[in-house]
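Undergrad: What follows is each chain in one-letter form.
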Amino acid sequence: MTKLNGCLALILVFCALSVVLSQHEARKLITALENERVMASQLEVEWGKLQLEQSTLATHRHIEGIAREDLKMQMPAETRLHTVMPTYFVGLTNSKSALIP
Amino acid sequence: MIHQPAPYLTLSAVRARFLLVLLMLGLIGLAGRALYLQGINHNFLQQEGKSRYSHIVEMGATRGMIADRHGEVLAISSPVASICADPKLVSATKPELKVLADLLQLDLSEIESLVANKNRRFVYLKRRVPPGVADSVAKLALPGVFLQNESQRFYPAGEVTAHILGFTGIDDNGQEGVELAWQDTLAGELGSRRVVKDRKGKIVENVEDINLPRQGQDLVLALDSGIQYLAHSELKRAAKAHRAESGSVVVLDAKTGEVLALSNWPVFNPNRRSSFTPSGIRNRALVESLELGSTLKPFSVAIAMELGVVNSDTVIQTAPGMLRIGRRTIRDVQNKGALSVAQVIQTSSNVGTAKIALSLPPETMWEMLNRSGFGSSVNLGFPGEAEGELRPYNDWRVVDQATMSYGHGITASLMQLARAYTLFTNDGELLPVSLLKRNSSVMGQKVISKETALAMSGMLEMVVQPGGTAPLAQVNGYRVAGKTGTAHKYIEGKGYAKNRYIASFVGYAPATNPRLIVAVMLDEPSAGQYYGGLVAAPIFSKVMSGALRMLNVPQDAPVNNVVSFPVAAGFEVGG
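Read top to bottom, the protein sequences are chains L and X.
The opening residue of the first sequence carries number 69 in the working numbering; numbering runs sequentially from there.
The opening residue of the second sequence carries number 2 in the working numbering; numbering runs sequentially from there.
None of these hints come from the bench; they were simulated from the model.
Ideal Cβ positions, reconstructed from N, Cα and C, are used throughout, including at glycine.
Possibly wrong hints are sitting among the right ones.
[Said to hold, decoys possible] Each pair of labels, with its calculated beta carbon distance range:
#, chain 1, residue 1, chain 2, residue 2, range
1, X, Asp103, L, Thr99, 35 to 43 Å
2, X, Ala139, L, Ala145, 51 to 59 Å
3, L, Met141, X, Lys198, 55 to 63 Å
4, L, Glu121, X, Glu151, 16 to 24 Å
5, X, Asp103, L, His92, 45 to 53 Å
Go ahead and model the full structure; you've got the sequences and the hints to work with.
TA: Structural data, given as structure tokens:
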């Protein structure tokens, strides 16, 4: 009887220690998860900032300024513009007015 | 010395009993206390204990992004920090406060007065500082001074998209424009969860989610930022050149009713609060009703054609250039003689239009105008949309019906007017307009027959051809149809102003298969010119030609189609 009790007591101690250990492991993992979450939100913030930066640099006003002032580009006169259509021949048969070759 | 035996100590029975009672009382006291702590006060103590390790933390949610139809970002939220203080805990010395004040670009006295009131537990020292400044403040580590994370809305395109998007308030809620109209969609909802923290403040256990956060949804507008920029810069240039009080441009997709661009002048910069003026933030194209002028004529004439009263070749005698109705006289600027209905539109004859309109039953004319969208809001979901004024037909006198036919005594917003022109681009159907990108085609509402719409389209094309009122509306490589308008400005309480005008032009292209409707309005151009054909038509032409090229719309005319001719003698305003 005492032998059995001793055995059970040992098992009990072992179980108790494993509970403590796994609890500790769980907490460590949760801390790691939290760190990742913080990281994720920081990255999201960073992404937002980059998006903002990209769209600010890509504003038409900005691009036009660079093209006109820095690169001295200008729009060709409208009469010098030709529209080239991939469906040129289809368009030719559908449209009444002659298309510019 | 006599040896005496040790005295025999006798404890009095009273003392012994007294001691016993004391001990018993002590025991009862302890038992009572134990009972109190364990049983009666149990909940409170347990809660107190829990609050030492259990915390509720917030789960963030950001406001949704607004993008144009191609996915270009128009409005986005980005986190910024606000510098706050708890005056009770602030113990900084004067030099320390001075450093803080310099960082925040505030006066020392300002900060001192903010933290002087020790009864308050929270004050903002400065809201929304740049990230660099926030980091420096955090490094100072002054007790009682802390950062609070907030998010701020940024509008990369600035004033270009200002009126459509509107802006948010300091608490990140929409206050104007799309930001207000779609507040529920865009706004996120903060969530919270209960966690267990250890001594160092690290989260070690996730207990439960109390509320899950709801992230704000992104919004995709129908707007095309390229066309929007073009429309905005052309309007701005023209408004300045003509010294106009204000102006608006609306660009609609002629097949879907989507709003591709909407711009007003004057304007504001949504990124700079100091630029918000009552006049600047007004989205005139939507909230302001204006006297329409001759841009309404096509509708009056189309109604008459629909009823079979006239066709495009019917001859109307406009001589002697005036028409007397009761005490009022309707005038053309000169005697144009006998005109066909098409020429009435082309030369914008008031007398001709009035004569045609007088042959219509008022009830039918009202009903058709109403079905064309006049007198009813465009229902974009935008705050404060104007409905315009279309008086009930039983109020009309004969002269009212006549003047209304050329847009005198009837008002609408520029958006309403642009929408009404979908009649002529869509075989007689009125399309609903939309600020949001449409993924499926929409059903229009039939107002006039396809034949009438096509015939009117032909007449509107004549407006930009020799003999018409708008040579400057022509576009290289495309056939254009449209109508000019010049109206005397109506001043509340004073009637029509003699020398203040509203110049407008509404048109579409390519005329053979319309893709875009562009409506332009300039209010009080005062640099000498004020005819719609001279002031508004050039803006139309520039916006239209740029936009058609951006969209790669196939040309329907040779590139050298633009001819120059004098504006048809026509100050088309009724007197």
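Undergrad: With reference to the structure, classify each hint as holding or not holding.
TA: So, going through the hints one by one against the coordinates:
no. : hint                               : in the structure
1   : X:Asp103 with L:Thr99: 35 to 43 Å  : holds (39 Å)
2   : X:Ala139 with L:Ala145: 51 to 59 Å : holds (57 Å)
3   : L:Met141 with X:Lys198: 55 to 63 Å : holds (59 Å)
4   : L:Glu121 with X:Glu151: 16 to 24 Å : holds (20 Å)
5   : X:Asp103 with L:His92: 45 to 53 Å  : holds (48 Å)
In this structure, every one of the numbered hints holds.
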